[in-house]
Structure formats: C-alpha cells, structure tokens
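> Let the sequences and hints guide you as you build the complete structure.
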Amino acid sequence: MNFRLRIWRQPNRKSPGKLVDYDIRDISPNTSFLEMLDILNETLLGRDEEPIAFDSDCREGICGTCSLTINGEAHGPDHPGAVCELYMRKFRDGATIIVEPFHVGSFPIVKDLVIDRSVLDRIVQAGGFISARAGSAPEANSIPVPKHNADLAMEAAACIGCGACAAACPNGSAMLFTSAKVSHLAFLPQGDPERASRVLKMVQVMDAEGFGNCTNTYECEAVCPAEISASFIAKLNREYARAVLQRSAGE
Amino acid sequence: MIGTFDAKIPAGPLAQKWRSHRDHSRLVSPNNRRKFEIIVVGSGLAGGSAAATLGELGYRVKCFCFQDSPRRAHSIAAQGGINAAKNYQNDGDSVYRLFYDTIKGGDFRSREANVYRLAQIANNIIDQCVAQGVPFAREYSGYLANRSFGGAQVSRTFYARGQTGQQLLLGCYQALCRQIAADTVRMLPQTEMLDLVIVDGRAKGIITRNLRSGHIDKHAADAVVLASGGYGNVYYLSTNARGCNVTGTYRAYKRGALFANPSFTQIHPTCIPVSGEHQSKLTLMSESLRNDGRVWVPKRKENREKVPGEIPEADRDYYLERKYPSYGNLAPRDISSRAAKEVCDEGRGVGHSGRGVYLDFADAIKRLGEETIRERYGNLFEVYEKITGEDAYKVPMRIYPAVHYTMGGLWVDYDLMSNVPGLFVIGEANFSDHGANRLGASALMQGLADGYFVLPNTLPNYLAGQMGKRPSPDCPEFREAEQNVHARIDRLLKVNGTRSLDSFHRDLGLLLWEKCGMSRHENGLREALQKIPELREEFWRDVRVLGSDEDFNQFERDESAGAHFREEHQTPDGEALRDDERHAAVFAWEFGGDGQAPKLHREPLHFETVDLTQRSYK
Ligand SMILES: Cc1cc2nc3c(=O)[nH]c(=O)nc-3n(C[C@H](O)[C@H](O)[C@H](O)COP(=O)(O)OP(=O)(O)OC[C@H]3O[C@@H](n4cnc5c(N)ncnc54)[C@H](O)[C@@H]3O)c2cc1C
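These protein sequence lines are chains A and B, in that order.
For the first sequence, the working numbering assigns the number 129 to the initial residue and increments by one for each residue that follows.
For the second sequence, the working numbering assigns the number 47 to the initial residue and increments by one for each residue that follows.
Read the hints as simulated data drawn from the structure, not as lab findings.
Hints may contain errors.
Covered stretches of chain B, as calculated for chain A (at least 3 residues, CB under 8 angstroms) [unchecked claim]: (1) 183-190; (2) 226-240.
Heads up, simulated DSBU-like pairs for lysine-lysine below, C-alpha to C-alpha not over 30 angstroms straight-line [claimed, not checked]: (3) A:Lys275 - B:Lys132; (4) B:Lys108 - A:Lys239; (5) B:Lys664 - B:Lys561.
Quantities reported herein were computed from a predicted structural model and do not represent experimental measurements.
Every residue, glycine too, gets a C-beta built ideally from N, C-alpha and C.
Here it is in structure tokens:
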C-alpha cells in the first residue's frame, strides 16, 4: 500500500510547528501504524534527514505512551484502541493521512509528535491514592467488596493515562481522566477514609493546571482506548458536590 | 572480584530463616533514615514498590525511569495474574506447595531459602494490594476470585481482568505518587542510568542522561537499587516493551557485578506469530487462555493449510493433552514451547509461515457459552482481532512461542545485594527466584515481594554501617565515570556510518533466536560466539546513531534445565535432562575486560528440603 503522510514537525517547544509531506510506498496492510513510522524513519535516516520524534513503548495499547492525532481523531480511526494498535489495513490505499500530536494547552509539545504530560502525574500526586503502608494491611478477604462495585472500580481503573480524552475535548478538559481515578477509589470501601479530601484536591490541581471544563460533548468517551465511560464524570461531579457539602457542614 | 560471593543464607530450618534473619539484622532508627539517600533505578513493580516503601519509611529516595511517567514501566503490560498461597479455594494450597511448585517449575536451579521466603511473603502482597485499592476480580460473595496457571494443580492466581500488571503497577504508582507529594521520593522520569559509580569498592551513585535535554548528571547516594527489568529484548523480537533494555544491569556488570545464569531465558508458548519483517514486537496472549483453550495441530502435515473447522476431531493432535495428561494444556512454559516447536519442526505448523499452532476455544464456548468466555478473556480476543484481523470466537487463535522473560540477571545474595557492596538488585533484573524456568504469575509476585517486603527489611542491615559515608559527586570516581559516559557517546556519534541501530539489533536478535533460542546445541553456540564479535565490530564501524548500544554475555551450561534446553542433553522422550552432579549451581559471570572472556564463578545449590527429581507433568 502507498500513502501520503502529512506530519507535524516542530523542532522544540518554543519554535512554531508545521505539517510536512512525506510519501511512503510498499507498506503491507499488516504493518502497524507505528511500524510504518519506523520504516519512514529508517528511510529518512538513509537520506540524512532528521527522523520524526514520536513516543511509544509497549506497542500493545496498555502503557499509554503513544499519543497521536490522526486525521483529526485522537488515536486514529480504529476505536477503541491506542494508536499502537492501529493497522494500515484500516486505511485506503493511496490515502493522505494527517499526523499530529495531541494538541492540548496543558501538554506542551517537546518535539515533533512528542508531548509533555507530566501534569497527569501531578493530578494523581494531589490525592489519587489510598494511604496504605506496606506492613499494615489487614487480611485481604476481611474486606468483602460487592462484585458490582469491584467491577465498576475495575472499569474506571482501566484508564491508561494517555490523555486522549483531553486531546479530543473541544475545551481541553481532563475530566474523564480525573473522574476515572476518583471513581475507581470511591467505589471501594478501602477508599472511603480519604474520599472527600481526595476529590477536592485532585479537582483543585486539575483546574489550576489549566484544563478546560466539561460541557458534555462526550468526545472523550468516543476516543478513549480503555473505553472509560463518561458516566464517571457524573460520578466525579457527585463526589465533588458531596465533599463540598460535607466540608461546609463542618464534617 | 569486588566484594564477596557468598549467598549468606541464614541458618536454621527453612520455614524460620526469614523470621530469624530479620530478628538479627541491623536497623536504622527513624530519625536517622532521612540522612540516607537511596537511588532506585526503575519504577516498575519492583522499583516502584521499593521507592514508595523506602520513602514511607523515611529514607530520601531518588527514583529514575526512562518513560515519561513511572506509571508506564513495562510491568504495566502483565496480563494474567499474581500467585499467592491463600488457599481461598480450599483446594490444598499452602506456603510449602507454592514453594515446591516454584522450585520444581524452575527445574531445581534456584535457592531453597529465597523461594521459600517468596512463598511466605506472597500472601502479604495480596493483602497490601487490596488495601491500596487494586480491583482484583471477585466472586458474587464479594470475596476474591482465583484462577489456575501453568505448573500448578491448585487455583492460586489473583487477577484483575486481563490487566493484572496494570492494576498492580497503578497501585504501586499511586503509593509512589503519595511519597512524591510528601517529598520523600524525588522522581526523575526520562532519565537513563548510563553508569554505576563505585567508590572504595562500594556502589555509591550513578551517572544519568536526561533523555529530553541530553544532560549528563552525577548522583551520589548511600546505596543503589537496580530495578531495571530483564534483558529479553536482546532478541529484538520479544513480548517486552520497545524501551526495555539491559543497559542498567550491563553497566553494573562492567563495573564488577556478577551476571548469573544468563542462558535462562523464557520463551512463552502463547504469543501471536510473527507476520512480517518490519514487525517491531510480539504480542503475548496470556497463559490464562490455556485454562479454557485447547492447543492442537493437524495430525498429518498435508492438512496444515486446511481451514481448521474442516479438520475432523480424529485428525487433530491435541499434543499437550496427549503428552502431559495430568497438566494437559497447562504444562509449564518451557515444556509447552518446546512441544510447539517440535510439531512445527515436523511440518505440522499452521498459518502461512508454518510456525504456529491452534489455541481453540470452540469446546469452551460450547460448554460455557460465548458470554462467559467474553467475560473472562474479552480484551485478549479484541487484541487478537486488532493484530490479526481474525475473530477468535469463530476460528481458533494461532499462536507461537516468543521470548518473554529472563530468569537470569545480576547475582544477589539472600539480602538481594550483589557482590558489589551497596548495589542491590530487585525484580526481573536479578536472578534470584525462578531457577531455569519461571512459572506464570510469579514475576509480579517476586517484583512486589522484593520491593514491598524484602528490600525494606534487608537494606538497613547494610546502611547501618554506612552512616555519613556518602561521597561528594565531585570526587574522582564520579568524574571518571562521567567522562566514560561522554567518551562513549562521542564515540558512537563519530562513527557516522550507514546502518541504523535497529538494523543491528534485528541481526543480533535473529542470531540469538536461531542459535540460543528454544533449544541450543554446542555447534550453534560456538557459531553465535564467533558471529557476535563480528557484528560488534561492524556496529562500531558502520552504525548511525540516535540511541544506546547492545551487548550480552557468553553462555555455556552443558546440561538442560528448564528453559535452557541443550539438544545434546535430553531424556528419551525429549524432556530436559539435568546434570545435578556437575551443574546444580548458579553460574555467575564476571566481566573480564573489553574483548576478554568473562570469568565463571559457581555457587553450588544445596537442597535440604526438596528431592531433585526429574520434573514430570505427565
Ligand atoms: C506481556 C507480558 C505479560 C506478562 N504477564 C505476567 C503475568 O501475568 N504474571 C507475572 O507474574 N508476570 C508477568 N510478566 C512478567 C512481569 O511483567 C515482569 O517480569 C515484571 O513486571 C518486571 O518488573 P520489574 O519491576 O522488574 O521491571 P520493569 O517493569 O520492566 O521496569 C523496569 C523499570 O526500569 C526502568 N529502567 C530500565 N533501564 C533503565 C535505565 N538504564 N535507566 C533508568 N531507568 C531504567 C524502566 O524505565 C522501568 O521503570 C509479563 C511480562 C510481559 C512482557
């Protein structure tokens, strides 16, 4: 298969970026999208041109490292899935494909297609955990958790932290990401003691880092490779309201 | 050789060793802990849990990883589960049985004392993870669920859908985040360790490069903990993440740390077969699938290209069930992998390359319904469909073995300290607990045992004697190591050849896969030993660089044990034939200088409790 690629090139954070055209030929339909970029990079290296910087690691959709917007869609057309799980058989032969990084104000571009998502770590550091010291845990089956709650917690916990939700959102909101962590821990009895302070602190940091607000467009849910449901955003709102009420009631 | 080469196994009965060792180890008092700086290289299950726990205890920790966030360490990709001896199923499990299965699964090439301790700690890990909020699978009662894995006749594996590694790592990452917020841990992502610094015979720091800015930095500490993962990627194609590399342990090796049992590499039986030459990695289909999937190939090779549904039952060879009736499709990994290779070598392999076998769910779907199978393995079926374009609910999966895990690694004593005093090695990076073959769901167990429970109890024993002895990062040893790193990078950039790094890596990988893969023969090993230096020479002549260098050890173990299958040593029915008389030992290699042969040290293994039997899964 042959393709025309229009790829975002940007030397560093401060310089402006632009789309540059590359032609690539004889690609097998069983090649993954990132392997296709590997092949392109080998060609560029051979021509003494600077290879295209892009991030990836596990290449099976779980580490959340890869972060490309393809033809305007975060992670490309094959939902649900990260871009490393996208195969060239999903494209038409001869197609023009536009490849950009996740454009989100809070994820500065480092180089070409590589972005800085350390802000997502900072949201978790604000309170996305249960304070359980190694050595102090009770016997595991002493805390039964209704299967339904455990399943919901797992669904929320499946978030891979890629940031596609913010990239797809017209407001650049990270609500889906934050709601997934808040919900995961709120569905479990172990998460109860820190439930109110957790949501307040995480939302505070999320807002301070400049993410936009949620206006229920559900683009986040549509592109999420881990199929995190937008209903967790409603859960986040409830958790937040509950915590604010508790606090104002002086609890 | 630096330091000592003594495993320092505590005296006393097996079940008491760990307890009595802790009773007699030295401690560091709470208000002295913040005077110690600890470097942890790696943020996977081993490094992440160690960094979080040491931070919580009050030490000052610096944690490094090469990804952009500690949450992306390769542990995230583990699918199937984690073992413990809870006996929640009331099916006869116990600490002893977990210990015995693990040491037998490893073909009697690991230390009794280490493995027993691992089995003892396993239950604490489950407690810890549940307390952290890891959403393990549960039954309708609200209690924890289990499933079975290879090499065991009990159901002792805890799991979180097909994403157990992800959930355990996120638990550990969240604990780490808490310590980062509390300022006990400083996290340095995208920072790669490029050298180990030894001062007066002790590990006292590392040299790093920031992968974004290229800055080279010196970090001094009171102890260095390596948790940098395994070396499976020397084979190029493996189930490991692209970034996994052996630099951390290899640099330590070059500084004098012994590399133990490098030939013990695990080939996982159930991976999606190779499809083309530009493939960048292989994808694992979790071993848990073998609970419900049946492995087969056509009995006659003429049928190998037929549509599987058109091959009648009578013409199918369910070879694992046939050869190993009591374990069947759940025979251990080394054995299942070799069996797959064997049927493909006979020309009965399926798929266009002929290197594949079927993993068939038709019976399970008939018995349990598609819904149940979807609930158990849905995400794996989706992954399979994305990669191959086939629907495994309708046609059997095609699978083939691939490099997956490395049992070998840096040699450590019972305290997880290498022969270099002050250099601790945990997780897949060390060689400690899996002998010649690792059982499924036990790497996660080992990584977390090391990080949450073993290291925090053994590190103080070393630190207690090191108070106030942290060198300045400006001392000559640090400067020498820093210059060494600069010189190496300059040399790489100067070659300015024509071939990409990946192309060398691919050649090296292919060579190793062919000569040192699922089975090995002396002739092939000799050939590899000759070709590797040629490739290295070409590398330094013709590489064009934007990355790091690859290297490896020589291997020579003249017996078969577990995953190390030497064709010259097999039983009449083709199983690994050990040589306990000469080789019941850990082989630990010492770097002998560039271009020199490494020197072999042997640590004999003493078995006080178990009998060394021929492993049988029949
Ligand atoms: C696909 C797959 C599925 C698996 N499934 C299971 C399973 O179901 N059950 C099970 O028990 N085991 C499983 N395993 C094995 C298990 O996942 C690994 O052995 C284990 O997670 C390794 O953990 P670790 O902490 O030792 O290393 P890793 O998770 O590999 O972490 C290594 C860390 O070191 C860092 N690092 C490496 N080199 C450097 C350097 N030079 N400088 C700085 N940082 C560095 C990395 O950034 C990373 O943070 C699986 C493995 C694979 C590949």
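> Sort out which numbered hints this structure fails and list those numbers smallest first.
none
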